[in-house]
Each structure stands twice: as C-alpha cells, then as structure tokens.
Amino acid sequence: MTEQTLKTLDRARAARQWHPVATSDDLRMRHVYHGQILGRELAVWRADDGHVNVWENRCLHRGVRLSIGINDGHELACQYHGWRYANRTAGCTYIPAHPADAPARTICNNTYPATERYGLVWTGEAPEGTAPDAPELQHAGNHLLVLRSLPVNAPLHLTAGHLADYTFYRSDHTRPATQVSTHLRRAGEFQVAVDWTDENGTSALVFFLQPTDNHRTSVHAVLATSKPPDNPLQRLKDHNFAMSLLRDRIEQAARQHPTPAAFTVASPRVSEALATLPKLAATGRKAPLRVVVKSIRDVATEIKAFELISVDTQLPTFQPGAHIDVHLANAQVRQYSLTNAPGQTDRYIIAVKREADGNGGSAFLHQSVRVGDTLAISLPRNNFPLRRDAVNTLLIAGGIGITPLLAMAQTLKSADHPFHLHYFVQDQSHAAFPQLLSTFGTHISMHTGLSPEQTRTTLANTLEGYKPASHVYLCGPAAMLSAARDLAYRMNWPDEAIHFEFFKNTTDVTTDQAFTVELARSGLTLTVESGQTLLHTLRTNGVELPSSCEQGACGTCRVGVLDGEPLHQDVYLSDAEHQRNDCLMTCVSRARSEKLVLDI
Amino acid sequence: MITLYDYELSGNCYKIRLLLSILGIKYHSHTVEFYPAAEHKAPWFRQINPLGQLPVLQDDDYTLCDSQAIMVYLASRYDSGNSWYPRDDPQRLGSVSRWLAFADSITNSASSARLVEGFFYDFDAVACRAEAHRLFRILDEHLWFNAKSGHHWIVTGDSPTIADIACFPYIMLSEEGSISRQDYPAIRRWSDHVKRIPGFTVMPGIFPAGPAQ
Amino acid sequence: MSLCNDPVIRNQWHVICALEDISPRNTHTTLLGESVSFAANTDTTGARAWRTDAPDTSLPVTCAYGYLWTCLGTADKPLFALPEYAEADRRNVCAATVGVRVSAPRAVENFLDMGHFPYVHTGILGEQPHTEVREYDVTVEESTNDVIATRCRFYQPMAAAGADGGMLVEYIYRVPHPYCSVLYKSCPSDESRLDVIALFVQPVTEETIRAHALVSVIDENSTDLSIRMFQQTIFGQDKPILENQFPKRLPLDPRAETPIRADKSAIVYRRWLSDLGITYGVIPAAA
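Residue numbers (the numbering used here), protein chains in the order written: chain R, 2 to 601; chain H, 397 to 609; chain P, 29 to 315.
Looking at chain R on its own, in the form it has when it is part of the complex (with noise of 0.2 Å):
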C-alpha cells in the first residue's frame, strides 16, 4: 500500500479513459449537476428527453460556469446574459442581447461523451472504446443497487489501496452481531472489487474511483445480489457508514502526506471564427448534410411530415424560423422550415404540403421518398429570426406557411412569453399537425373557410391597437401576406415589428431580356443574358453573394442599386422599397433600364 500512495495518477492515460462523473439518481429534477474529472470542471445535466449532456463548466461568451445555470429541460441557460444553448448539440440558439438576429456564427460550448453504465454517469476527456465492464455486476439476475457515493479529500491511489480492505460495519446496534466477512476480489486503479458475506449469502461489491483532480476522488459503489435486497435502504444506510469510516481512515492517511497539487486545466480556446466579431459570411448553396427520413406520416389532408435524422453526426443547431434547403433526387432545391420544438435536436421535422400545379418538389417528396432514403440539405438558416423580448407576439399563418411559425409558438410557449398563433385555413382537415396545434389552448384561434374578404376583416381586427414591443410574425400565401402586410403598416405598425417569409414566390419571373449591370466597388462591368440570373452572372465571375431561396422570397441575396431602375419580380419587398429603385434581389430582379449600377 506504501507504494501505492506515492504513485501519482498518469493524467494523459487517465484522459483517455472513461470515469464515473455522478449517479443517474444525482440527474434528476431539471438539476444541473457540478462534476468534475482530473481537475477539469463539468455541468452535467439531463434533457427531459433523457439525454444526458457533459458540457465544459463555462459558458464559452465570457467564462461564467454553466453549473449555475437553468435547466429547463430542453435547453440550458447561462445565468450572466441568458444565453441559451440547445439539448445534445450546445449549440446557442439565442442571445438575447441581440434578439432580432438569429445568432450569425456557430456557436457552441465544449460537450464531451457520455454514457449510462451500472447506474452511474460515465464520461471522460477523449475516452477510447466503451465504458469499463465489471464483471461482477454483468450476471445475468443480478440485482444491482447503487450505493451512496461519497467524495474523499484523498488522491485516488491512496483511497484505492483502503478500498481493498473494505471492512463491512454493522450500525444498526438493535441487530444481533452476524459474522460478516469480505474477501478482496480484485483491485485496479480505478475499480476494486471484492465479495463480503453475511446471513443474506455472497454479494459483489464494486467500488469505481472517479479521480476528481490530483487530491480529490469520488467512490461510486455497485452492489450485486442473487436475490433482491429484502429492505434496501437498510443496506444503504450500512454501506453509508462503513465507508464514512473508511473515508475518515483514508483522509487521515492523506494528512501524512504533502498534498498533490491540483491540475492545471487549459480551457480550450473558441475557434478564430468566434474570436472576432462576425463579418456577413459570403457562401453560396451548398448541401453539406447527409440526413435519413426516419418516418413520413400524413398531418393534414395533403401534408406531410418527414422526421429527419442524421447519418453520422450530430445534426446542427437551429433556432426557431430557420429552414433548410433540401437537395431532391431530381435536382430541384426547396426550403423547408424547421417545425421543432426547442431543444428537439436529435431530428428535424419538415411538413411538405402536395401542391397540385407545383413544378414537381413536393410531389417528388410525396410519392418519391421513403422511410429510409438519405436525403442532402443545407445547414440551416435563418432569415425569420424570433425576438423574444417582445411583450406581446402575434403569429399570423396562412396554410402550410404555419410551418416556421410553429417552431416559433413552442419556443414562446416553453419560455411562458406572451403570444397568440392565427392560423387560417381552407378546414379543419387542413390544420397541420392538430395535436400540436392542441396544446397551444388558448393560444391560438383557428380561422376556417374564410373569404378573401372574411380574411382581410379578420387580419384587420387582428392587428388593430398595435402596442410599442409587439412583433407580428407572418407566413403564408402572397395574397394573404400582401394583405396582412399592407394593413399593418396602415395601422401604425412599425417596419422593424413586422416580420414576414414568403415560402414561395407566385410571380411569374422571366429572364428574357439581356442587361447590363456595373459594380461600382468592385469595378466591374457584366452582361446578364437572357436566360440568366443576375445571381448566375455574379458567381461565375467571381463575386460570391451569399443566397438562399433563390426565387425572389427570402431577401438573403439583396444588394443596393445606385443608378438604373431595376424589374423587381420579387415579392421580399414592399411596394413602397420596390418604388424606392434602390435594392433588388439578385436571384430574381433584372433590369427596365438598359444598364444597372449596383453597390458591390
């Protein structure tokens, strides 16, 4: 045993293995558990999806320790600026500080592995292969019972070495004395194991040591019995006072020696992208996500849902309003939006709705698709950020353009922000996803079988007595959305409250005639030929413009016009910015004028 305790732990071979961190029981309640693993700290909390997180103890914006923060079981908060950081991925999903951007750069907190073993928590730096087996608990019928762990202010081969004389007390002095004996079993670094007998028979005991830092070290303890515990608080409470007896013996013995120093632990440094302050990312489309259609299930009367998860990897974070691209067979690229929940980032979930005259993407997705097919997407955007300092939020859907704006409805119901979701429909029957739609209560009014006039009253009377911090969120059809729009503005809504996305553009959009167009900064003179994007044009000489829907809805790839007068054909704009002449969408605007001068 001498020996033992002068040996020091090997911090880059224990780094590689995995270490108990808590108990399951310890995950309970919402709580956000504060462990830590050779020096290095962790909050450690479950999802009320059961997902266990082992996240770095810092929150990556200014260091302030996530342990102290709020779980409310989908998303953990920083307790200094709120910043919220999603179930599975850490990834931030808003930063109230700046509420109406959707956060521009991934930003995500340190997470490490973990598992559930024995009842206990398993983690570990960069831990290779599996948790470690103890044979002991693994017999088939054993009944397995975690003990109370109990932390030791003693390095861990210290505390191992008495572990291997773990002696069983009686404390409960009513019962007659039985002959007790334990038998050491086996005795690792990191697990003894030894057998103790009394009048129930023969049962394994297993001690695992979670080496907090260099003079710190928790004893987690598994007891296996053939049969199960007759009265196992008893057992609990005779095992919690024999090793408090120990724990008392090893601290003792580790006052004889010079006390290990703690370990220095590096704090790992953010990427360079989220060192500065971000710049507006130039990207073109690009699908750099393999995800496989887990279930398609019908949820209105020609909507469907598609659960999407990932292949391989962790799917990216997203907030509410964002949407991806999905790449079809066919070659056609179509958005969607995310309808999830906040913190449901094990998948994501599409609503497809067939449209009789579309050119073919949703009903390639309806007859096409099957459970199991990969489908490409994009990383998801988002140009419908959610604010969520606004005192009073109205959502305002027409038809499957309710999609975003269910994301959106969960997000503030599971916050208990103030809001109210409009949806309006052809019926009852095309209402997506009516369970969901149920547990808004009386959140949401559902307008069916209106008139193009019966709608335009009741949209009226919606956004009639708009209050300074309310936002209207809209998304629908263009001729619902054209109406909603201009009777906001008309009843005093501001142009920062208003928030819309087309999902698609009804224009007929035509690129027959050639143009020219000059970029001012970059000193450049092009033609557009018929036939071509302006968007086209750019990118093939060089200019990269980032861009998402690409057909005049979604506002991403707008530029500013200096001279000429451009033929809009978007429907991103309001009438009064298309009369301005001074921006145009890329993907969809040409030119009335002979020549364009643009401002890039």
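Mixed in with the good hints, there may be bad ones.
What the hints assert, rightly or not - Here are the simulated lysine-lysine pairs, DSS-like style, with alpha carbons at most 27 Å apart:
hint : chain 1 : residue 1 : chain 2 : residue 2
1    : H       : 544       : H       : 422
2    : H       : 544       : R       : 414
3    : R       : 295       : R       : 238
4    : P       : 292       : P       : 213
5    : R       : 238       : H       : 422
6    : H       : 544       : R       : 228
7    : R       : 305       : R       : 414
8    : P       : 292       : P       : 276
9    : R       : 228       : R       : 238
As the list claims (entries may be wrong) - From chain R, some residues computed to sit far from chain H (all C-beta separations above 10 Å):
hint : residue
10   : 13
11   : 73
12   : 231
13   : 246
14   : 264
15   : 272
16   : 295
17   : 468
18   : 514
19   : 533
20   : 580
What the hints assert, rightly or not - Quick list of simulated restraints, FRET-style, between CB atoms:
hint : chain 1 : residue 1 : chain 2 : residue 2 : range
21   : H       : 421       : P       : 196       : 33 to 41 Å
22   : R       : 129       : P       : 195       : 55 to 63 Å
23   : R       : 127       : P       : 251       : 54 to 62 Å
24   : P       : 49        : R       : 245       : 45 to 53 Å
25   : R       : 447       : P       : 281       : 53 to 61 Å
26   : H       : 440       : P       : 178       : 44 to 52 Å
27   : R       : 525       : H       : 604       : 52 to 60 Å
28   : R       : 392       : P       : 219       : 23 to 31 Å
29   : R       : 393       : P       : 250       : 28 to 36 Å
30   : R       : 245       : P       : 196       : 55 to 63 Å
31   : H       : 399       : P       : 195       : 27 to 35 Å
Honestly, the hints are just simulated from the structure, not real lab data.
Small disclaimer: the values here were computed from a predicted structure and weren't measured.
Note that the Cβ used here is the ideal one computed from N, Cα and C, for glycine as well.
Place chains H and P on chain R using the hints.
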C-alpha cells in the same frame, strides 16, 4: 402591521423575507445598515434588541428578535395549514427544533467565513470553513437518505418546514466564504426544491432555479 | 502570494479605503499582494500610509473622490480627473466596499457590460424581455487615452421614481485607469447634467479585489442610506457571477472567449490593456 428590521445582504434577514413572501404576508422593511455602519450595534437599535443582532420583527406591539424564533412565531400565527411549523406532530416538531439549532451552527461557520471575505471581519476563516464542511457532510447524508425514501425536505414529510428556510440562506451563500458545495449533491438538489416553493424570492448572491418538470 | 512586477500597475495610484472609514488607529489592508497600513493624521487633515513591514517609511498618498489612494512604485502621473466630484450641489457618497474573489479587470469589464442587467440586476437595472443591447460607440480618446463608450442605451424598469413603467436610459462609460471605471447617466432631476457612479477597484492580489463605489448625484430626495443600500445590492448581485467566472484573471487572447457586438466596450478595453502592456490580473495574449 408587521415591520422587519432588515438588511438586504443578511442571510438571517432573508430567512424572514423568504417566509413572509411564501406565506403572502405584507410587511414594511426598515433598513438597518449592518455593513459598513454597524448600525445594529447603535444605541437606538440596542434598545430594540439588546443583543445587537438582526433581524427584529415587530407585529403591532409585539417585538421579537432571533431569526429562528421569528419564523416559529410567523408560522404559528399566520400559516393556517400548520405545515411550516407542524405543531400537531410532536416528532416532526422535535425534528424542526433540531434542525433550527443545526442552522445556527451553519450561521456560525459558513456565514462567518463569508463575513471575512466580503466584509473584512476578523474571524478564523480556515476553522469556519472546516466546520461548515463537517456540517454540510452531515446534512448531505441526511438529505440523500430522505430523498431515497421519497422525501425532499429536511424534516421528513410531504411539505417543507421552517427548518428548510433556516438552513437555506447560508448554505447558498457559502461560496462567498470559499466553501464549495461541489461535494454535496443532495444539498444541491434540495436547494433546487426550495427554489421551486411557490412564493420563493431571491436575495443578492442567490440565483433562481428553472421551472419544475 | 506573488508580488506585482508589472511596472504599469506598480506605478499607478490605487484606492485603499474610504476617507470616512479612516481613523487615527493603524489599519491594515493588502495591495498588490503587499500588506499596507494607514491611519488618519492627528495634527493635520488627510492620512498617511506605509508598508506594514517598514513603519518608518512613508508611501505617497492622495486623498481624492472620497477615498485614500497610494502607490507602491513611482507615482509618475497624477490620479485621473473626475471634475464632477467638486461641483458644489452634488451629493458624493462612498457607497460600498465589498471583497470579491476575481481579478480587477474582470470586475471593470462587468461594470462596462449592459447585457447582464435583465438577468443579474432583475427589476432594478433591467428586466426581461427587454434584453436588447443597442448599437453604441467605443473609442480610445487621443488626448487622455481613456476608453469612452457613448450612445449606450438600455431599458431600465422604474427608471425614475413615480414613472409608469420603464424607459430607455442613456449611459456613457469611461475607463480612465486600468482598474477604475466611471459611469455617467441621465440625471432624473436635471436634464442638462449627468449623475456619476464610479467603480474604483483595489487589487488585493491578482485574483482578489476590494470593489469601492462612489456615487455623485444631483438628488435632494434620496437618503445616503438608500444610495448605499442600492449600491450594496448591485455589488451583491454581481459578486456570485464574478466569483463563478473562470479563469479569474481576464484573458487577453481574443480566442479565449466569444464576443458579440454588445461586447464592443469589452473588446476595446481588453485591447487597451494589451496596448498598455498590463500583465497583472490578466492572462496576456501569447506574443
């Protein structure tokens, strides 16, 4: 009309504010500047409480000092359900008294360490921290076994008692005296439960918890 | 306890005590890891300070803004100017001195930060859902080399007594000293003037401080007690956040933490500390 002689950063005063808030009792707060003016030692205040300690409660013409005594009074007088101070259950009542005494020990150790670090008092911080850790180990074990039997509170039973409120503040403020609660998971889970009691309110140094599932 | 060998910090004036708390009796405090004693002069006004282990020598002292300041190196510059303090109609209150386990620059950065108001000072300096930090400007002023943040606006509930609901309050922040910051905010009783709240941080060690506050306001209604209690509440709310921040020293490597636009003043403050060559209380960026 209830008047509380109160100091915002005092855990003992917070016990009373917390119980008043939970019981939904309106009161007037009279600030006594404990730090740095040491107004609780001033002659005018020692006429109210010769011990020169906060808090003091005045309920019309009745004056009472000592935070635990004030809680016994408030719960006995204003808690119609008799749950915060279970007068009808001798065993639970005995346990409440036991843990009120324990809470005083926490004050003498954990609170003293906090006064050294935050307010520059001249106490033996090392000894205070060691004693607080000894007490926390005892409480953590107690709460762990209570939870195993399905009870979330310090005194066995379905609802919290003034013993929970008595122990809560200086445990939650212990880190201001460099007493980490990392090694006391049962205490940390119990504190989540206390924070979810309807009517719970915070004080500087104590954070709210998230909603229950 | 490691001594400070950062010449910039050694040669600064550092706050050690409120003048009103100094008595003729010797009192000890710690500054930059060294024990310093001080006492009020019995024959003249003011006070003297000395290294506790060298009672026969004297340290330079300055009495300014309600506090006693000293310097362990060579005080080659006068203490920064705070002209408002001398205005005759102002109430100057030494509002709080609180010990916190954090580095001085972390405390200053927290003082410059508005984004935490709704979460840490709930119902006082901010309130959900009014969480937005609007665009503001930060510069390093050429003549004084002070960091200045202007056009800072934040929603404050109950901004004025009797006001129905909250309003946007405008702030100006100034950092005239590596460990001190001054906040100017609109004065409810006189629109043409600004109230002043100053944070003077005493670096006890690299990772522990005494935070001192000066409140200088045009306000005939509030009592000194209510001003002090308000400031103690604010400090009391910041303390557990600061003590849960890691690392305790402020990292100057841009890749240590993740700034957002709301943190512009912190970005400039960190760069400014780097440019001054400060090493005490910070983790310098690798060269």
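Q | Violations among the numbered hints, reported as their numbers in ascending order | A | 1, 2, 3, 5, 11
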